[in-house]
Amino acid sequence: DGKLTERLAVLETIPGISKITAFPLLIEMPGLGALDGKLAASLAGRAFIRGGGTEIRHALYVPALVATRFNPALKTK
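Read in order, the letters of the sequence shown correspond to residues 1 to 77 in our numbering.
These aren't lab readings, by the way, just hints derived from the structure by calculation. Positions of the beta carbon are idealized from the N, C-alpha and C atoms, including for glycine. Each hint should be verified, as a subset may be incorrect.
Said to hold, decoys possible - Quick list of in silico lysine to aspartate or glutamate cross-link-like pairs, DMTMM-like style, CA-CA up to 20 Å:
# : residue 1 : residue 2
1 : K75       : E55
2 : K19       : E6
3 : K75       : E28
4 : K3        : E28
5 : K38       : E28
6 : K19       : E55
Stated by the list, open to error - The following label-pair restraints were derived from C-beta to C-beta distances:
#  : residue 1 : residue 2 : range
7  : L39       : K77       : 14 to 24 Å
8  : K38       : N71       : 13 to 23 Å
9  : G2        : L65       : 29 to 39 Å
10 : G2        : T76       : 34 to 44 Å
11 : T76       : T5        : 18 to 28 Å
12 : P30       : P72       : 14 to 24 Å
13 : A64       : L39       : 10 to 20 Å
14 : G2        : R69       : 17 to 27 Å
15 : P30       : T76       : 31 to 41 Å
16 : A41       : K75       : 12 to 22 Å
Model the full structure from these sequences, guided by the hints.
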């Protein structure tokens, strides 16, 4: 599917996001790109850490860890 390939390419432009992270995001969040930030965070389980998508949280854990170490804006948070 051309749109899926396009969304994969867009995700990979985000620093720290590789195919290993992008695939679970596209699988678990098929509407990614059309969702607003709050809904996307809710689907990832941010609002209720015990609910939501554990696969999404697992996929984002290492990129988030790297971002908090090397991204100056996130490092302060």
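How the hints compare with the structure:
no. : hint                  : verdict
1   : K75 / E55             : violated, 24 Å
2   : K19 / E6              : holds, 13 Å
3   : K75 / E28             : violated, 28 Å
4   : K3 / E28              : holds, 16 Å
5   : K38 / E28             : holds, 16 Å
6   : K19 / E55             : holds, 14 Å
7   : L39 / K77: 14 to 24 Å : holds, 22 Å
8   : K38 / N71: 13 to 23 Å : holds, 22 Å
9   : G2 / L65: 29 to 39 Å  : holds, 33 Å
10  : G2 / T76: 34 to 44 Å  : holds, 39 Å
11  : T76 / T5: 18 to 28 Å  : violated, 36 Å
12  : P30 / P72: 14 to 24 Å : violated, 33 Å
13  : A64 / L39: 10 to 20 Å : holds, 19 Å
14  : G2 / R69: 17 to 27 Å  : violated, 35 Å
15  : P30 / T76: 31 to 41 Å : holds, 34 Å
16  : A41 / K75: 12 to 22 Å : holds, 21 Å
When the structure is compared with the earlier hints, violations turn up for hints 1, 3, 11, 12, 14 and for no others.
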